[in-house]
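Peer 1: Model the placement of chain P on the given structure of chain U, informed by the hints.
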Amino acid sequence: MDDKNFNTDSRRKFLKKLSTGSLIAMSGLGLYSCKNSSDKKTTLLTQEGKLVQVSNSEIEEMEHHGVSPKEAREGIPGQKFVMVVDLAKCKNAKKCINACDKHHNLTPDRPYIKVLEMKDNKKSSPYWMPKKCFHCDNPPCVKVCPVGATYKRTDGIVLIDNERCIGCRFCMAACPYSARVFNWGTPPNESSNISYSPETSVPSKIGTVAKCDFCPDMLRKGKLPHCIPACPNGVIYFGNELDDTVTNGEETVRLSTILREKAGYRYMEELGTKPRVYYLPPVDRLFPFKKDTQENNEL
Amino acid sequence: MKKTALKEQKFESPREKDLLSHLVSTSLKYKLWIALLLLINFVGMYAYYRQVKYGLVVTAMRDYTSWGIYISNFVFFVAISLVGSLFSSILKLNKNEWSRPLIRISEIIAVAAIICASVIIIIDMGRPDRFFYVIKYLRIQSPIIWDVIIISTYLVISILLLYISVLPDIALCRDHLTDIPKWKKKLYRITAINWSNHPKQIEKLKKVSKILAIAVLPVAFAIHTVTSWLFATTWRPGWDSTNLGPYFVSGAFMAGAAVIIFAMYIIRKQLKLKAYITEIHFEKMGRLLVLLSLVYLYFNINEYLGPAFKMVGVEGEHITELFVGSYAPMYWFVQLGGLIFPIIFLLFRYMRKPLPLAIISMFVILGAWFKRFLIVIPSLQHPYLPIQNVDESYLHYNPTWEEWAITISSFASLLLIITILIKLFPVIPLKEAKIESETIVEHNILKNEES
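Chains U and P supply the protein sequences, listed in that same order.
Here the first sequence stands for residues 44 to 342, numbered as in the numbering used here.
Here the second sequence stands for residues 67 to 517, numbered as in the numbering used here.
Okay, chain U solo, but in the shape it has when bound:
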């Protein structure tokens, strides 16, 4: 990850983070008092679980998820995000799916991530393939959208603005990877009063399309998308292509090296969509292929 932007933690930034953590505390405990008077203090709960008193003048009104709609369309400057999925390590633990579902408030029947059982031909062995949105550089979905509700950003991410989506589902027909899901009915969290940003994809809205968004809200904080730390086996690597590094949270490797040495490939290169998700072939596997065993299902 490009850490330059995040190492210089200013006081302001600290407070911003503080208020992020305490958002729930504020609304839950009803401590959110008038913030215009500078004398008054507000009790906030820090991420470490301590209660602290902060003068109201120090608290900025937070746009819940940080960025303006304009920034959400443009992308994070100086970044080109890329993902590498090491198929040799995946044992279908489904932890990535659960973490993703939790943070995007999804119901288990329509997750953004799918772990597919793949078998390239009759004789080769089956393997698990975690599949999300490939955030293609030549995205078929973006090309067909009549209103620009789905768009490609400078940082490589393809996002959906579900406040603009008209629900025509042309992007779903156009995506060769079936990455997109639709809010056919009322999504569970639609009525929550979290303010929406395309960067969080929360809350989902009825009659609009949704998909994996690479968690740009986390990336802005210098953190990895939710699915990556959730994986017990370090299957998913993520990073900035411009830095030529990817990390799975524990191990950081050179992108060019790992792709060269492990024969990285992109799924269906022949379609010309230029995905930003690479796969490392399922060779020298960490786990034998086991189909939905008890161990896998208990998660």
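In short, the hints are calculated from the structure, not lab data.
Cβ-to-Cβ under 8 Å is the rule here; a few derived chain P residues that face chain U:
(1) Tyr130
(2) Gly192
(3) Tyr199
(4) Ile210
(5) Thr299
(6) Trp301
(7) Pro452
Covered stretches of chain P, as calculated for chain U (at least 3 residues, CB under 8 Å):
(8) 111–125
(9) 453–465
Derived BS3-like pairs: lysine-lysine, alpha-carbon spacing no greater than 30 Å straight-line:
(10) Lys252/P with Lys95/P
(11) Lys202/P with Lys186/U
(12) Lys248/U with Lys119/P
(13) Lys195/U with Lys202/P
(14) Lys195/U with Lys138/U
(15) Lys376/P with Lys165/U
(16) Lys123/U with Lys266/U
(17) Lys333/U with Lys132/U
(18) Lys376/P with Lys162/U
(19) Lys376/P with Lys317/U
(20) Lys186/U with Lys248/U
(21) Lys195/U with Lys145/U
(22) Lys273/P with Lys252/P
(23) Lys273/P with Lys489/P
(24) Lys419/P with Lys489/P
(25) Lys248/U with Lys202/P
(26) Lys272/P with Lys161/P
(27) Lys270/P with Lys251/P
(28) Lys145/U with Lys119/P
(29) Lys376/P with Lys166/U
(30) Lys489/P with Lys83/P
(31) Lys195/U with Lys305/U
(32) Lys350/P with Lys419/P
(33) Lys202/P with Lys113/U
All of these numbers come straight from a predicted model, not from anything done at the bench.
Here a beta-carbon is modelled for each residue, glycine too, at the ideal position from N, C-alpha and C.
Peer 2: Chain P only, in chain U's frame:
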């Protein structure tokens, strides 16, 4: 209207009486028919109300089968709207005099179908409340926008074509029909826009009609080609084909011709127009239908032979599903019942008589509708990546009652628009036909009287 109406209304000629009497008197049958169509529409509206309230979850569409019968029905309606151009442009410019009495019927069907198609596509939207975003955030790169532009263009041209064809007769209605309610008089007065059969007016009308007849041709081809691009611009098996444009256009002309034949049969019977829509018309339409079906057959072979020969990946799975899989009964009904058998039957003269031809046309229409189902739905069920770990409902597509109700009520709306237009305006040209094809009609009046 009262039954006495006909007695009070005086007609200047038997021809006027034949062609205008249904404008003056309203039968019970007509009222019941309108009531039935309205009833179907109310059921459809209730289904749509449920869809707006609960979302598209009331349909059987899910993440894989993300387009269903709304879209296939939309394609069908766009297809039959092409028939307007067939008559107002192709047959007219080729000086097929016999087709003149049918121009207005075809234009009425075209206008009604294209209006219904526009409504259906809005019904398919997940967020109809954001319809105007299509203009606000318009992205010209999207094939959907091309479709919106071309459909609205075709709608305008079709309405104009219908209007200029019916204009002299509106003036005639204004001048000759006395025993009609006030609102009807007003309607004719306003819509006749001071038409007085002045030679200058006639000359201008002829000019405009010729310009429109030429202008509608590329638009008509474009409307269905662009609709095919909604599919051809994606990677889905069965859609990822360069053949799709002409395949759609030729299919549309075939379906349109069948719809016209069916409409001719019904109108001829209900309005007692046997002397005006004659057996010769059916004979000619039957031949035209064979020709159009043969063209469609050619593109069908093109569409399926290549993929079926190669059987590559998901494309092969898709073909297998259609030829011998779960869609096979529908597929063979469509290809045999809606295409091959009609071609064979129509080679026989007897089959081109009104009743057999109308029955064959009905099969062609049914086949055309289900063909569009087969174009849209099975393709979506064969993505490149396997469908796994999903709810059972994601694997199949069996339209719900809401979808059927809305689809059936779209047909009811089509018939409603057609019925009302026929009720308001003469369906066979009064003046023009008299001059241009006087002989053919008189010949047939004689023939019918003899038999």
